[in-house]
Each structure stands twice: as structure tokens, then as C-alpha cells.
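Chains as they are written, first to last, in my numbering: chain A, 1 to 335; chain B, 336 to 465.
Just so you know, these hints were derived from the structure itself, not from any lab. Incorrect hints may appear among the rest.
[Unchecked claim] Here are the simulated distance ranges between beta carbons:
| no. | chain 1 | residue 1 | chain 2 | residue 2 | range |
| --- | --- | --- | --- | --- | --- |
| 1 | B | R434 | A | M260 | 49 to 59 angstroms |
| 2 | A | D127 | B | L443 | 15 to 25 angstroms |
| 3 | A | A102 | B | A381 | 23 to 33 angstroms |
| 4 | A | L47 | B | D383 | 51 to 61 angstroms |
| 5 | A | E329 | B | Q445 | 53 to 63 angstroms |
| 6 | A | R7 | B | D383 | 51 to 61 angstroms |
| 7 | A | A50 | B | A381 | 54 to 64 angstroms |
| 8 | A | P104 | B | D383 | 13 to 23 angstroms |
| 9 | A | V44 | B | R434 | 40 to 50 angstroms |
| 10 | A | S123 | B | R434 | 27 to 37 angstroms |
| 11 | A | R307 | B | Q445 | 29 to 39 angstroms |
| 12 | A | G30 | B | A381 | 25 to 35 angstroms |
[Stated by the list, open to error] One-sided excerpt, in silico: chain B residues whose CB lies under 10 angstroms from chain A:
| no. | residue |
| --- | --- |
| 13 | S364 |
| 14 | L370 |
| 15 | E371 |
| 16 | D375 |
| 17 | A381 |
| 18 | D383 |
| 19 | L440 |
| 20 | R442 |
Cβ coordinates follow ideal geometry from the N, Cα and C atoms, glycine included.
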Amino acid sequence: MATAEERWRRLVEDLAQADAPDVVKEARAGARGRVRTALEDALVDELMRAVRGPNAAGTADRAEPVPTEPPEDLGDAHWVYCVVPAERAPELAAGLSGVESASPVVAVVEGELAALLSRVPLSQYGDEQLRRHLEDIAWLERTARAHEAVQEGAMRNGPLVPLRMCTIYRELAGVRRMLRDRAELFAENLAAVEDCAEWGVKVFVDLRRIPASSPAEPEPTNSSGADYLAGRQRERDRVSEADELCLRCAEEVHQAVSVMARQDRVNPVQRAEAHGRDAEMVLNEAYLLQDSRIEELRSTVEELAERWAPDGLLVELTGPWPPYNFVSESAGLIS
Amino acid sequence: MSSGDLPAGAPGRALEAQRRPLPASSGPSNLADILERVLDKGIVIAGDIQINLLDIELLTIKLRLLVASVDRAREMGINWWEGDASLSSGAKQLEEENRSLRERLDRLEQAAGLPAGNGNREAKEQDGDR
């Protein structure tokens, strides 16, 4: 008489026996698929190198002289912009041009995910060159804008996880491995930003424009030390009043916008050299907002801007941005 | 930059000028806003090109004092990517001190009935040399 436990084990064994052939078949098919993709990628990379290389068979056979290729032509690498859900990837990539305008953006699909990337010449994007480029503000501006523009183009049709600029792979296989190894992380991030975009809200103040609480007294014509000190005191009072006003404005703005947002993040204020205004930045927030609330956000910020303008405070909205502030390398994401 | 320079000493007019339509998502974005994101945020993965993550970190710190655009940088004569001295907090303090000294000088000049601006100009030149 078999015990319940024995019967149970036999049942599982039978099931396993029955399923094994199918599983093996599927695994073989899966493995073949994966190997084929890896081979295809490697072949594409190799072919590109062969076509471009100065000693490529095709060019060497030709009678005409080989056009002077720069000797440092090392082939291409892959500049990755963002990770998106696989099913929408081809449509997202369509029509976008990358950091090198001649190279279109393409989607590389791996499982449920896809990376949007474009080719860049290693002669310009290798270790040394890249480091030099990063010190060149014109290059940096052009490339940063291009990197961001690709994401902006892609985010119109669905969620994306933006990668920091200068994420470069030599081989497509490396991109696929990255997608596989971090599949869970990307899936979590994609879910967190689904149907959302990032918006920036900043508050600026021009201290000269803060209305003085008491009318400014005319400067005495022959000023004494006491007059000078009194002037300094008035100036100090005015500044601390301004501080208080800024704080109130920043708090009110943040309160009003954060209740609409799914997440928010305080960023360090930018210095005047950075934002280029003749005013001081007092608030620099990023909000993750559902697309259905955009109109609400716009009208709220507009209202706040109008209300605070007479006090010399400027409330500014930017966006929609790729959700840079709301993706994370840790599984816990941002609280 | 749309904001331009604000006219000093005309608070009434300046306030009026400030009541302009909300610049929400129109026109090219401020470079500072973009760099703040593409260099400092987003998922960071070390790809195959070993652009040292440290290099980018350093750059990011530099960008804390970055300029609004290339034109503006040239206009201001700023080579922030060359001199690291400006990164130290000491430099900021110096700048602050310099400014308050300049203000004081202006006041003293005024009090002494000297033609205003001489000392200020000199201070600015020195500032530029730094």
C-alpha cells in the first residue's frame, strides 16, 4: 500500500517524464535562437569592421587606390540612450537620429526589453577621445542635447528608462547581456514611470526686485559713520525679509505641485552661471507626474507664477522630461 | 537666454517685464537643465568604453558651476572646464568677500565725493585676472 507521500512523488515523476521532452525541445529552440542572435550580432560587428578596414578584402582587390582612410579608424561602437519595452521599440526608434547625425537610432531587442542605440566611430568615442571631448563644452552641449533629444522622441509613445550619457558598448552582444543581466531592474523602473513624465519646477528671485517694506530713505548727502551703519542695517533687514519671502514661496509652490505628483525630488539649486539669469535660484524640484494631470499642473504653476510675480519671484515650469530623476540603480527605487 | 539682463534701478518696469507668459516646454531647454540630467541622473552602467566613471563625477561637480550656453560662456570669458581652482569653496568665499569690498569701496567713494566707478572698474579687472 503506497503512502500518500509516495503517490505524490510518483505523480510528480510522471508529470516530469511527460513534460521533459517538450521542455528539452523548447530549451533547444531557445538556445538556438539565442546563439543565432549572438552570432548575428557578432557577424554584423565583424562585417562592419571588415567593410571599413583599410585591409578589407573588398577594397584591396580593387584597382583604384584606396581612399585615404584615417589610420585610427577602429570601427564602430554602440551608444545606448535608453531602455524601453520590447514590443514598442521599433516604432519608438523609427525616424530618430543619434549623437552622430548620420547614424540612425535602432532598437536591439532582448526578451521583454529593448535598448535604443546608434553607432558611433570608436576613433571619436574611444577612451582617450571621449575624455578629451568631455572637456570641450561645445561638444558636450551638442552631444548632451542629442542624447536627450532621442529620449524625448522616444518617450512620446511609452515609458523609458534613460541612461546616463556616454554609455557605450563595443559589441551588440554586450548590450544584450546588459539587458539580460538587469532585466528585473529595468522592468521595475519601467513600471514606476509608466504613463508619467518628469517636470521641473524652479523658483527664482531677484533681490533687487523685492519690494521694500518701508519706502527707501534718500541717501543723506554728507554721510557719517552712523548713517553708513544704519544703511547696512536696513540692507540686512531687507535681505532677511527676502529670505523669508523666498522660503514661503518655495514651500507654497512645492506643496501645490507635490500633491499632484507621484514622486518628487529636490535638486541643488543651480548657480547663476548655470541658469544664466540675473536672479538667484531658490528652488529646483523635479516631479514625476501622470500624463493625465498635465493641464492641472500647467494651470497651477501659471497661477502661482502670477501670484508671486509682484513679490519679485519667478516660478518656472519645464518639461516634459525623460524621467531622469525617477529611475534608480537600486531595486528599491526612490521612496 | 530669454531672460536677458534686468534693468537695474527701475523696479517698476522690471516687475512689468517679469509678467510674461509661462515659458513651459517651449523653445530649446536650458543647457544646465539638460546637463544636470544626462550627466548626473539616469541609470549609470559602465559600458565597454572605460570612460572612467570618476571622470564623469568630476565633470558633474564642475557642472555645478556650469554656464548657460557656449555663447554665454565665451561672453563671460569662463573656462570652467580648465581651472579647477574655482571649484573650491574658498573661491566662492573670496568672490563674496570681493563683492562686499567693492560695495564698500563704492560707498566710500561716494562719501568722499570722488567720481564713482573708478575703484569698481579696477576691482573688476582684478577679478577677471583671477
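*Under 10 angstroms, Cβ to Cβ, is where B/D375 needs to be relative to chain A, so tell me if that hint holds or is violated.*
holds, 8 angstroms
*In this structure, is the beta-carbon distance linking A/E329 and B/Q445 contained in 53 to 63 angstroms?*
Because 57 angstroms falls inside the window, the suggested range holds.
*For the pair A/V44 and B/R434, does the Cβ-Cβ distance stay inside 40 to 50 angstroms?*
violated, 59 angstroms
*At the C-beta level, are A/R307 and B/Q445 separated by a distance inside 29 to 39 angstroms?*
holds, 38 angstroms
*Would you check whether B/S364 satisfies its interface hint, that is, whether its CB is within less than 10 angstroms of any CB in chain A?*
holds, 6 angstroms
*Okay, A/S123 versus B/R434 on CB: inside 27 to 37 angstroms?*
For A/S123 and B/R434 the Cβ distance comes to about 46 angstroms; the hint is violated.
_Hint check: 10 angstroms Cβ-Cβ cutoff, B/L440 to chain A_ = The hint is violated - B/L440 has no Cβ within 10 angstroms of chain A, the shortest such distance being about 13 angstroms.
_Status of the B/E371 interface restraint (C-beta, 10 angstroms, chain A)_ = Result: holds, 7 angstroms to nearest chain A Cβ.
*asked:* If I claimed the Cβ atoms of A/A50 and B/A381 lie 54 to 64 angstroms apart, would that claim hold in this structure?
replied: For B/A381 against A/A50, whose Cβ atoms are near 28 angstroms apart, the range 54 to 64 angstroms is violated.
_Proposed interface contact between B/D383 and chain A, which counts if any beta carbon pair is under 10 angstroms_ = Holds, because the Cβ-Cβ distance from B/D383 to chain A comes to roughly 4 angstroms (cut-off 10 angstroms).
*Do A/G30 and B/A381 keep their Cβ atoms within the hinted range of 25 to 35 angstroms?*
holds, 28 angstroms
*Outcome of range test on Cβ distance (B/R434, A/M260; 49 to 59 angstroms)*: Check failed, 39 angstroms falls outside 49 to 59 angstroms.
Hint check: violations occur at hints 1, 2, 4, 7, 9, 10 and 19; the rest are consistent with the structure.
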